[in-house]
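Asker: Protein chains in written order, with this note's numbering: chain A, 1 to 467; chain B, 1001 to 1181.
Because the hints were derived from the structure by calculation, they are not lab data.
All figures in this text were calculated on a predicted structure; none of them were measured in a lab.
You may find that some hints are simply not true.
What the hints assert, rightly or not - Covered by chain A, per the in silico footprint, the following chain B stretches (three or more residues, Cβ under 8 Å):
hint, region
1, 1069–1077
2, 1123–1129
Unchecked claim - Calculated from the model, a selection of chain A residues having no Cβ within reach of chain B, i.e. all distances over 12 Å:
hint, residue
3, F96
4, F158
5, F285
6, I351
To be verified - Calculated cross-link-like contacts (lysine-lysine; reagent style DSS-like; alpha-carbon spacing at most 27 Å):
hint, chain 1, residue 1, chain 2, residue 2
7, A, K133, B, K1085
8, A, K149, B, K1085
9, A, K89, B, K1026
10, B, K1085, A, K450
Built from N, CA and C at the ideal position, the CB exists for glycine as well.
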Amino acid sequence: MRMRIKLLVFIWFISLSASAQNKQLIYNFDDLPQNLLTNPGGETNFDMHIGLPLLSQIHLSAGSSGVSLYDIFQEGGSVNDRIRRSLFKMTRRDFFTVNQQLEIFSIGWRDQKRRYYTAGIYQELDAFLYFPKDPALLAYEGNKNYIGKNFNFSDAAFTADALNVFHIGFTNYYSEDLNYGFRGKIYSGVFNSYSVGNKGTFRTELSPEGPNIYRHYMNGVDVLINTAGYADLLDAENPSGIGTLSKIGKRAFLGGNLGLGLDAGFTWYPSDQYRVTGSILDIGFIRHSKNVENYRYYGNYQTDGIQLLFPGNNAPSYWDEWEDDLDRNLKDETLTNSYITWRPVKINASIDYGFYENAEPCNCYRPMGRRRYYNHIGAQVFAMKRPRGLNYATTLYYDRTFNENLRAKFTYTADSYSFSNIGLMVSAKLYNFNVYLAADNLLDYTNLAKARNASVQLGFQLLFSRE
Amino acid sequence: MKKPLVKIKFFSAFFLFILLLFSCVKDVDLGQYEEIVLPPQASLDLIFFNLTSEDFTGEQNNRLRAADVTRLDFLDDDYIQNNLKSANLNFRFTNSFQREFVAVIKLLSEGNGVQHEILIPIPAGTTDSPAKVNYTDIINEDQINKIRRSIKMSVEITTHSGPFVDGELQLQSRGFFYFEF
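Extracted from the complex, chain B is given alone in its bound form (with noise of 0.2 Å):
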């Protein structure tokens, strides 16, 4: 009785051998997978708004001045602090007053510290003719701390003084995200 067990033995030990003799993975590098990167690139809306002449209020220094602010909470999400690498703010304006703006806009900390600054011209237009301004504001890999260090987003627009003619300010934003996970 103790042969024919010898023989199963050797019987199962040499189909294994010959299916494990052949079989193995070959030609590839499991490493790789340190060097694997997921690059979304994000389109998002941003900020908008509409703004006619009783928005504009204060005289200071013969100036008019519309201001106003708004948290953006998902800066401080995981995503942005650990995996965007630059980003694109689009900003697009149309003007029908007949007189010149200045917008600045303004990302802000928690403490409202200024982390990154954009000022945009913006000439005047007519209601027929409105003029439009199309900027966009490049913040690369080096400068992408401004970003993750923010919180809010200020808009302050000015223009000088005087009567208005009927007219309206629109602008209309989105953002450009580029990340790697």
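Next up, chain A with everything else stripped away, as it sits in the complex (with noise of 0.2 Å):
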């Protein structure tokens, strides 16, 4: 009984928080190549496959954990209410998150040994905002009722990357029970901006000892941005222009701040009818040296207003003494300092079962010894690093084959936007080209202000065998 109550307690703790990069669809679907994005020791059901240019793979998702767009523009009643109450139901812990990919070039192939190498280049954007609690109110409300709270400036967190991903890859078959696999990774910044773990706290207090009615307190304030890829495009006189796209294409293609990074997985069958698989992708950095710039705000400080000494015909600059002052002590700089990001790392685990046996003769290039099924169910656990901790998402799945050419994948998704993500995805193949197109929270497509998130992810690729 205590397990199943610490059981629970695990459920509904991981259910509280999710990602907009799960990619919970096309986790183990073994007849899609991205499959292997997500787990590099997945399994392929092809023996090679050239993803077409630009169309292999376009992912977006959006989502807020917090608010939807209807909870603040619904008909009737004032938006102003709304927001307001809202700006009291959200947390620190409240996000804001968009990600954006796109297969640019996607090749794979197995050799002899049954091994299957991948390679190829995606474009990603990423950016991940907390929501910043206190400053939000300070900035809505201001602090005329709020005498005596700490507005905390470590509130504000986010990160915004904008990258190239270069990748090569391979899938081992150890043993016809245990595949693993390993991607290498070299990204290339187009932008980066990063503002993560911020200090200080603002304060106004009564002074009944002192010598005004109020003491405002800025206390250890050390608030720092990090810009790559930023400062020179502000500066363009046309950041349209050509030279602009001129710039970000060298930055996009190797000439800009660089990283390394690393994808590992495995697949793993305990039996027939079982099958396990885990993957940890982008175990990595990006050294942003290149066009940075950091503002940074820093110090303390703490003021009664201006004391007045009059001391006759020579007034002393009074204000200028008090920005002085506020200037000493609550300092503003601009810096060009290098820094290093870690890229969000990504896990994934899943279990499933197998049932409803696919006896049509197998290949044996691939390593399918094994029994073979129609039909999965399983269960799958996302995990990704953002600033203040893990998020995380559990999914359910039917995973169904009706025929060699179509095949689709149900998933229910419990994640901190909705307990309702039902997703939905299909893949169908006419001779060597393939198509796939995934969406989840499919609930909320009959009205998307509603939904906290949405993700859809579809492509085109031909895929071969070797009969």
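Once you've looked at the hints, go ahead and assemble the two chains, each given alone in its own frame, into the complex.
Answerer: Shown next as structure tokens:
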């Protein structure tokens, strides 16, 4: 009984938060090469693939854990009342996220030892912003009704990245029961902005023992915003001109800030019908040294206002002295220091059960010596590292192969956006041409304004088998 | 070969159509963004002082006088010029002199033109029982340009002439500023 309670608490806990980069529909889907991007140790149900350039994977997702478009802009009533209610409802753990990926080039092939190699380039845009509760409250409400409250600057945290990823990987069939794989990545950063670990508080206190009514405090302030790939675009005379596009293009193709990364994964069959998989993605970093600007604001300060001294004719410049004192104690600097950002590590793990055996003759070039099944039901856990810790999502899925040309996957995902995320993916093959379309949060598609998040993926590619 | 390609096109178009058919954004009015107002209310310390008898000089018309002025450059900032809707200025005097005073507080423009004037009589007190005055001047939306045109605050304290008995005259002040962004 105690174990059951622990399990329920665990499921509830991991359901509280999630990520927009969860590709629960593609994970374990061995008819698609994109499965290998979510697990380099995954299986592939083909012997060669060529993605149609720019079309083999188009992925878009966006999410907001605390508020939907409908919560703010629903018809009727006062939009300002709703904003105020949302402001108080949301916490510093709520977040907004946008992720977009576009596969530029993708190819893969199987060698004579049944290993599957992949290479490709994809472009990614990822932005993640925690709701800055205290700074937002201060901006919206002011300090008048919050005398004695600490407004905490650590609530402000965000990351934004635009980059190209060049990758090459392989999947090795160690035995009939175990596959493992690795993928090496070179990150070519186009733009980065990173502000995490900010510190400090602003507080206004009644000051019965002091010389004035209040005392205003800025304590332990240290706010740092790192940027790379931003400064020269801002300075450009024509930010949308050919020169700027050329700069972005160079950075996208290894001319900017570079980094290295690694993916790893495995597939293990404890028995014919049970399959266990796991992967860890984007263990890597980018070193930002080119076109870097860091904006820092730091120090301690307290003030009671301006004291008049009544000196007679030569009145001091009270305001200038007050401002000088402020500037001496709270410093504002623009620096050009290099910095390193770690990529958001993602972890997948799953267990599933196959049934309704597929008795079609197998392809002996592939490690398919074991029994195969048309249907799989399973559970998957996804975790992703974000600045304040791991975000999680849990998925239950049903994967159904209708025939060798048509397959679908249904998912139910619980995450911090909702407990009613139903997803569907359909993949079809006609001769060597494959097309797939995946979308989650289908229940919210009838009114996307009420959705806390939504994602869609689609792609076209050529798949070949040595039959 | 032509037929399968047609099927693929049909297949992809069908699913995109289904997705688009059921996907819509409704029951929302995005035009409401024009009504969004951020209404912060700020409480800020302003000036303070502690006057003793030595600060009073000059004898004009049998009156003693102490005066000073400070710039308040933040009154020229955009958020005051564009977004300040109203303001309350709160002044708290504590008088332990056994004599009355009159305080005149003025908001002045760059050229020292008087934009707003507040006159506060301060009754006599004693060291043991100082007189306290808590005066709030309300500057509403119709008058807010007085603040927008101002950049300095002056204080003039006058009292009748004659010898002082020990005591102090203190001022504490704050402003409540009501914005709409």
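Asker: Are the hints correct? Go through all of them and say.
Answerer: Here is how each hint holds up against the structure:
1. Requiring three or more residues with a Cβ within less than 8 Å of a Cβ of chain A, the coverage given for the region 1069–1077 of chain B holds, as 5 such residues are present.
2. Given a C-beta distance limit of less than 8 Å, the hint that chain A covers the region 1123–1129 of chain B is violated, as 0 residues qualify and 3 are needed.
3. Look at A/F96: its CB is around 17 Å from the nearest CB on chain B, clear of 12 Å, so calling it non-interface holds up.
4. The claim that A/F158 is not at the interface with chain B holds, since no C-beta of that chain comes within 12 Å of its own (minimum 20 Å).
5. No beta-carbon of chain B comes within 12 Å of the beta-carbon of A/F285; the shortest separation is about 37 Å.
6. Non-interface call for A/I351 relative to chain B: holds, since the shortest CB-CB distance, roughly 29 Å, exceeds 12 Å.
7. Of the supplied pair hints, the one linking A/K133 and B/K1085 holds, its CA atoms being roughly 25 Å apart against a limit of 27 Å.
8. Pair hint A/K149 plus B/K1085 holds up; C-alpha atoms about 25 Å apart against a cutoff of 27 Å.
9. Taking the CA atoms of A/K89 and B/K1026, the gap is about 23 Å. The hint holds against a cut of 27 Å.
10. This hinted pair does not check out: B/K1085 and A/K450 have alpha carbons roughly 35 Å apart, beyond 27 Å.
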